[in-house]
Amino acid sequence: MKTMTPHQPLLRLSHVSRETRDIKDNAKTLLDDVTWELSVGKRIALISTSSLSARAFLECAAGVVPPQKGTVTINANISWPLGARGGLINNLTARQNAAFLHGIYGEYGKLNQSLDFISDLAELDKTLFNRPVKNYSKIMRSRLYLAISLAFDFDAYIVPKTFAWSSSASSDRALRLRFQEALMRRVEGKSLIMAHTDFNIVERFCTDGIILDKGIIAFSGSLQECRNWHENNIGSRVVEDDNEIEPSDDNQNQASTEASEEQQGLDDDLW
0 MKTMTPHQPL
10 LRLSHVSRET
20 RDIKDNAKTL
30 LDDVTWELSV
40 GKRIALISTS
50 SLSARAFLEC
60 AAGVVPPQKG
70 TVTINANISW
80 PLGARGGLIN
90 NLTARQNAAF
100 LHGIYGEYGK
110 LNQSLDFISD
120 LAELDKTLFN
130 RPVKNYSKIM
140 RSRLYLAISL
150 AFDFDAYIVP
160 KTFAWSSSAS
170 SDRALRLRFQ
180 EALMRRVEGK
190 SLIMAHTDFN
200 IVERFCTDGI
210 ILDKGIIAFS
220 GSLQECRNWH
230 ENNIGSRVVE
240 DDNEIEPSDD
250 NQNQASTEAS
260 EEQQGLDDDL
270 W
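Using numbering that gives the first Met the number 0, the first residue of the sequence shown is number 0, and each one after it goes up by one.
Treat each hint with caution, since some may be false.
With beta-carbon atoms standing in for the labels, derived distance ranges [unchecked claim]:
(1) K109 / D24: 46 to 52 Å
(2) E230 / Y107: 45 to 51 Å
(3) D207 / D124: 40 to 46 Å
(4) A173 / N227: 32 to 38 Å
(5) Q112 / N90: 45 to 51 Å
(6) I215 / R20: 39 to 45 Å
(7) G234 / N90: 45 to 51 Å
Quick caveat, the hints were computed from the structure, so don't treat them as lab data. Please read these numbers as outputs of a predicted model, since none were measured by experiment. Every residue gets a Cβ at the ideal spot worked out from N, C-alpha and C, and that includes glycine.
Throw the hints in and build the complete structure from the sequences for me.
Structure, rendered in structure tokens:
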């Protein structure tokens with residue numbers, strides 16, 4: 000359990016840089032000498048012109064993937080990016096995985112409450128909840144990952160763009176709304192970093208923002224100031240989906256690739 004001193008930031012990125020390489024081995028900068036900190040009570044929207052840069056920022060902030068240059072100092076209990084696999088073991092059942100993570104992140108004496116919360120939110124009945132995760136479909140795994148992410152109390156939450164935000168199917172909308180409502184309850188009174196390019200979504204959760212462009216923090220301020228700056232300087236420029244980028248095989252990029260695959264499954268197959 001991490002402890003903080005008064006006025007200490009929850010986390011700090013200091014001169015952080017990360018890059019990856021495309022299929023032709025050309026380097027692409029994701030983060031370029033980024034220095035930034037998250038203070039207690041701050042709810043920050045991360046608006047990025049590159050989905051890979053946003054993902055790299057969140058991974059570094061959560062301590063999931065270390066920077067190639069610079070340092071990340073974490074002084075509090077920070078969530079992993081919500082919806083990511085979060086250390087689940089495929090050979091174990093959903094119940095066993097949830098119980099294991101409760102032992103690390105959960106509150107003593109409340110195991111059953113955590114298990115009930117996860118199974119209910121993920122809509123996994125008793126039979127499914129006691130089945131090995133490796134036998135789950137992508138949809139079931141994604142729901143489980145999201146439910147587990149929302150089961151535990153952290154000082155700050157990391158919310159990627161691929162969280163359950165929208166769906167054209169009315170049957171899917173109700174379940175998405177359940178996840179969104181669970182997120183709203185969980186982050187009440189907490190600090191937050193939320194990556195998205197839709198200001199209408201982030202304004203529900205965030206009061207301030209940073210705009211990440213070409214690997215640097217191009218602007219920071221209130222959410223309204225960020226919206227104005229974005230309209231004047233970026234406008235309708237299409238966000239890069241970075242499909243042409245395939246990270247190399249070093250350890251840092253391997254972890255990023257695995258996280259990317261999990262998030263892509265959530266984005267494409269959750270509903």
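Exercise. Cβ-Cβ distance between E230 and Y107: within 45 to 51 Å?
Worked result: 49 Å Cβ-Cβ, so the 45 to 51 Å window holds.
Problem set entry | Assessment of proposed distance window 32 to 38 Å (beta carbons of A173, N227) | holds, 35 Å
Exercise. Is it true that the C-beta distance of I215 to R20 lies inside 39 to 45 Å, as the hint says?
Worked result: Violated, since I215 and R20 (Cβ atoms, about 20 Å apart) do not stay within the stated range.
Exercise. Should the hint that D207 and D124 are 40 to 46 Å apart at their CB atoms be regarded as holding?
Worked result: holds, 41 Å
Exercise. Cβ-Cβ distance between Q112 and N90: within 45 to 51 Å?
Worked result: violated, 26 Å
Problem set entry | K109 versus D24 beta-carbon gap, inside 46 to 52 Å or not | Between K109 and D24, where Cβ atoms are some 50 Å apart, the hint holds.
For this session: Could you say whether the range 45 to 51 Å given as a hint is met by the Cβ separation of G234 and N90?
Result: Because 49 Å falls inside the window, the suggested range holds.
The earlier numbered hints that this structure contradicts are 5 and 6.
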